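*Asks:* Since the structure of chain A is already known, use the hints to place chain B on it.
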Amino acid sequence: MPIAKRSENPWMDRNPPRSDPRAIVIGIGDYHVGTEPMTSIGLGSCIGLILHDTRLGIGGMAHIMLPESGGKRDRPGKYADTAVEILLKDLSKKGCTPKTLQAKLVGGAQMFANFSGNLSIGLRNVEAIRELLKKNGISVKGEDIGGSKGRTVYYCPADGFEIRVRRADGNCSEL
Amino acid sequence: MTVLTPAQLDALSELGNIGASHAATSLSQMLMGEIEMTVPSVEIVDLADIYKHVTDEVSALAIFEMQGEIEKAGYVIFLMPLHSAIRMTNTMLGMADEDREINEMDESALNEIGNIMVSAFLDATAELLGVVMLPSPPVLVIDMGHAAIQQLLVEVACDVNEVVFFHTKLVCDQYAINGDLLMLPEIHTLSQILEMMDKLLNAHS
Chain A
1 MPIAKRSENP
11 WMDRNPPRSD
21 PRAIVIGIGD
31 YHVGTEPMTS
41 IGLGSCIGLI
51 LHDTRLGIGG
61 MAHIMLPESG
71 GKRDRPGKYA
81 DTAVEILLKD
91 LSKKGCTPKT
101 LQAKLVGGAQ
111 MFANFSGNLS
121 IGLRNVEAIR
131 ELLKKNGISV
141 KGEDIGGSKG
151 RTVYYCPADG
161 FEIRVRRADG
171 NCSEL
Chain B
1 MTVLTPAQLD
11 ALSELGNIGA
21 SHAATSLSQM
31 LMGEIEMTVP
41 SVEIVDLADI
51 YKHVTDEVSA
61 LAIFEMQGEI
71 EKAGYVIFLM
81 PLHSAIRMTN
91 TMLGMADEDR
101 EINEMDESAL
111 NEIGNIMVSA
121 FLDATAELLG
131 VVMLPSPPVL
141 VIDMGHAAIQ
151 QLLVEVACDV
161 NEVVFFHTKL
171 VCDQYAINGD
181 LLMLPEIHTL
191 SQILEMMDKL
201 LNAHS
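Listed in order, the protein sequences are those of chains A and B.
First residue of the first sequence: 1, per our numbering; consecutive thereafter.
First residue of the second sequence: 1, per our numbering; consecutive thereafter.
The following block holds chain A by itself, in its conformation from the complex (with noise of 0.2 Å):
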């Protein structure tokens, strides 16, 4: 897709375009299903894993963190395998079918070397998602992922599944 707006100078942007402020914010490990706009903010090494439903015009999001959950139940965004399970547990209860789903993901960036010299756990979210989407038969339908850079997603499931990418270099793109 092309750029869709470059400030002249996007660090001295002064007023980013703010998302949608009736916007559902998901925080770290959180997810929501349902019609309603939402985004993910400042999403660095973490993903915003979107599905959507084209033909029943609902989705969900969630702001997944790492890519495995260890048996952990308590935070199912938290986590790539129990964010996947969940998101399509709960779209099958509105009636979507893995069929009927398609994905996208964004973020997955590596800011900077970490202290502890833990590398590229962005990419190894990116690879945990890929893998279970295959396994569940949802195709993706776009990616912005990877770099050093972070970003912000918006998504609003009633306007189709076109999603709009903030990076924090200023470029603004439609996914």
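These are calculated hints, taken from the structure and not from any lab test.
Heads up, some of the hints might be wrong.
Facing chain A, a subset of chain B residues (Cβ under 10 Å, in silico) [unchecked claim]:
(1) Glu57
(2) Glu112
(3) His146
(4) Val154
Only a predicted model underlies this, so the values are computations on that prediction, with no experimental measurement involved.
Every residue gets a Cβ at the ideal spot worked out from N, C-alpha and C, and that includes glycine.
*Replies:* What follows is chain B alone, placed relative to chain A:
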């Protein structure tokens, strides 16, 4: 996670207050201007609510790992919105152009200023506790505040869903500069700090 008692929260906030005051003083000396500082807040914040404390505004963050007697103690972060950071370098170097991109000079100034402030912060708190705490060399990140903090949370909050979030705002009205001093201690560090503080309080009561 351990629930902190009001007395413990008070004690932590006082500890932070002493550290942050020293950091604010050092910033004030470097800027040769008056710095106002909010009373530090120490809160237990759910991961899902971090966005209420740190936005996705593009900022400059000087990130330090706390080192010394406590292993892997957590992080201290000095965060400035980008235009504040540029105004700060401008103020210190006598430049006027605000509508420029952040450059290497800003970045090294931020590293240096962050280093001085965070060293003052850790010196003061460590002295009170009777331990040695040192900042690691800084990592400078220009990015969305929330995204950078989130990557640190991967280290601090792998196994927990809440973090202790220490926060002070520093404002210099004279030059329209503002910044945030943040501390994210590891859980085990926190219990060590609390133990030391208990001893300290008991010794004086």
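*Asks:* Now tell me if each hint is right for this structure.
*Replies:* To see whether the hints hold, each was checked on the structure:
Proximity of Glu57(B) to chain A holds as hinted, the smallest CB-CB distance being about 7 Å (cut-off 10 Å). Contact between Glu112(B) and chain A, as hinted, is not supported at the beta carbon level, the nearest pair being about 18 Å apart and thus beyond 10 Å. Among the interface hints, the one on His146(B) holds; its C-beta lies about 3 Å from the nearest C-beta in chain A, closer than the 10 Å criterion. Interface hint at Val154(B): satisfied, since its Cβ lies 5 Å from the closest Cβ of chain A, which is below the 10 Å cut-off.
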